[in-house]
Amino acid sequence: MQFPGQGKAPLGVVYSTTMNRPDAALALAMLDGYEGKREARVAAVAVNGSELDAARFCDIVNRFYLGPGPIPNSNNRLPVGFAADDPQALDDPMAKGVLYLLNDKGEPLYPCGVTRVSDTAEVQALIRNALTNTADQNAVVVLSAPATCLAAVLDLPLVRELIIAKVKALVVSDSGARQDVAAARKLLAAWPAPVVFCPRELGEALRFPGSSIEKDFAWTPAHPVAHAYRVYRAMPYDAASWDMAAMLYAVHPDAGLFHASETGTIQLRQDGSFEFHRSAEGKHKSLSFEPAQKDKIVQAYIEIASAKPVPRPARFGPPVKKQP
Amino acid sequence: MILLRKALDRRTFLKGASAAIGLPVLDAMLPALKASQIPGQPVRAAWFYVPNGIDMRHWLAGDDGPLGTLPKVLEPFEKVKNDILILSNLTSNWGRPLLVGAGDHGRAVSSYMTGVQVQKLGGVDVKLGVSADQIAARAVGHLTKLPSVEMGLEEARQAGNCDNNYSCAYVYNMAWRSETQPLPPISDPRALFERLFGTDIVESPAAHARRLAMRRSILDLVSDDTHRLESNLGAVDRRKLDEYLSSVREIEKMVERSEKEGTIIDPGIEKPFGIPPTFDDYFRLMTDMLIVAFKADLTRIATLLIGREGSTRSYREIGIPDGHHPLTHHQGNMEMLNKVCEINCYHARLFAEFLVKMKATKEGDSNLLDQSMIVYGSGISDGNVHTHDQLPTMLAGRGGNFLNPGRHIAYQRETPVANLFATMLDRMDVHPEHIGDSTGRLKGVSLS
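If you read the protein sequences in the order shown, they are chains U and B. So that you can map any letter, position 82 of the first sequence is 82 in my numbering, and since no number is skipped, the others follow by simple counting. Numbers in my numbering are just positions in the second sequence, counted from 1, shifted up by 324.
Incorrect hints may appear among the rest.
Derived, one-sided and incomplete: chain B residues facing chain U with beta-carbon distance under 8 Å [stated by the list, open to error]:
#	residue
1	F337
2	R420
3	S690
4	Q736
Source of the hints: derived by calculation from the structure; they are not laboratory data. Note that the coordinates shown come from a computational prediction; the quantities given were computed from them, not determined experimentally. For each residue, glycine too, the CB sits at the ideal point set by N, CA and C.
Required output: the full structure, derived from the provided sequences and hints.
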């Protein structure tokens, strides 16, 4: 979100996600938490590879973190993107389990502004437009979904120049990108800015403690991300943190929590899994972490994902309600 | 086959001692080989721009489907409901503040028409891009007397700082021939009349003044040539020529009347000479001329700036003495917002009336509206908070059996409005790779 009159905007994060696992929900909570602390801002959230409910869930989470009061207009907050007509789209039981929760009055527990596809944004235009609202070298892209849409963004006129100017890095989480191998290969070969790869093993080794959901999110009886965590699997369980690791590194690459390798090249195996080969000519890097940093990383996850909403200032006056 | 007939020159004029009038396309101008083949009617494109956004409470939203009960601002289109498409959720991203801040009105119309970022260079310098209408005019403009026609209902300023260091050129011009060359709209009815129906061979100022003093029609000055031409034309062409010259004369009379009334009825108000005293008459006079120009195929491309962005025009004709722009910053004040709605309805009524006239204008087996694609919209949706997405957008006409109107189509948000313009230009066989920030073509508008 761009706050007029408040100096340089924080780092803009474009998050391309399937939003069908708890680590994705927690990564979105982290992003909103960073925005509350002005350490980053939600440049765009785009759902790819899941059905509309996943986009609806993203809208719920964003509204939750914006707190009470009017929703910022589209100059300040872009609508959630959604890849419609995606043949690979999967059902999203996690999102469904949260969307249809009701409060004591029988109303939806979490307000949602997305009821139909046309309430969401077209993904390629969304990502391009989000980057136009970002200062030079002040954006990162976190990809944990099939690369279909992000690769298609590269085909838009003048977008390569835009990415070179605006984007510090593309952080690829090995959790969803493998679903469209051709697009992932195209993206990795043609992306004109640095690429950092977050291997699957890393997210599996860094588990988000399920106990934190009951303890650190307990400041509110109704937290959509906590609900999503509970809905996804029978509690207690500790979720892998693929997207959270990618988000943490994307926003704070210099925090010393992760180690970025020397340059190399990410390749896709026939089965769609990723492989990193070091080479001086390569333009990709791969992430790892020291065991000694594990607790710090998990603590960083918890602290930011469970942060309370911070109201955002509005531009001009209040919006006027639509008449029936 | 031996071709004996020699086609009449496409740029034939009716000439007199001190004036000349351009002609519509006559069968006699078509190459002999093609004359018997009855070519398809041309497709026209026009853009009508309304300033300061729309009261979106009373515009259409929701699901796709046939147009049913129309909301208040769209009620005037009931008669032509089956000839319009309402296209929701289109965006003009470069109208947004992005990293440059204030100046939404300063950049709204220019970015809307070009899909390009408007450069904030103070009051003198400008840098933009080529507007959609001019991309079309470059490609098909050679087929008509005028490549395009630019019209406006406010006197245009071309220099100075109009909004937060945006040049007035951005605010007053819809059409841009190049990055730095706007095509100023004609707001004076007489000037428009002479651009459309006069020729490059203009009357000398002295002859012009003499003719006005004698209250003679421009047609009188070319009558000898008219008779000469008529004697060489077939029956169809003679009828076509007669209809055209009658229309020109009707318009000329209206211009004369407005010139007369403009000085007598409303001398205290700052207006250029010859503008009708009421906005209704002004709108009708200008758009009537456009209909004649379209029918005569003098041009196929037009833009009309109904008001400049940030316009403070008051609409006393409908009992609203307040300035339009200040009203749109209503901050939730319902009295102000309702007045905005009345202004929006007023503009809509006039545009709907224009569409009805277009539909009533026969062209072969079809009518002028069916042969046209006319955008009615704004680069701002909510004038109170200056949003540039979910734009109010109507596309009227059938584009020569191309569009499938009578429906509402809701696109995904952030879809560039330039996608609509690119789709229209495809129909005109222009096929631009892209227009500004377009990402493709709009699905669902056409019959195919």
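Structure-based check of all given hints:
| no. | hint | in the structure |
| --- | --- | --- |
| 1 | F337 | 42 Å, violated |
| 2 | R420 | 5 Å, holds |
| 3 | S690 | 32 Å, violated |
| 4 | Q736 | 4 Å, holds |
In terms of the numbered hints stated before, the structure departs from hints 1, 3, listed from lowest to highest.
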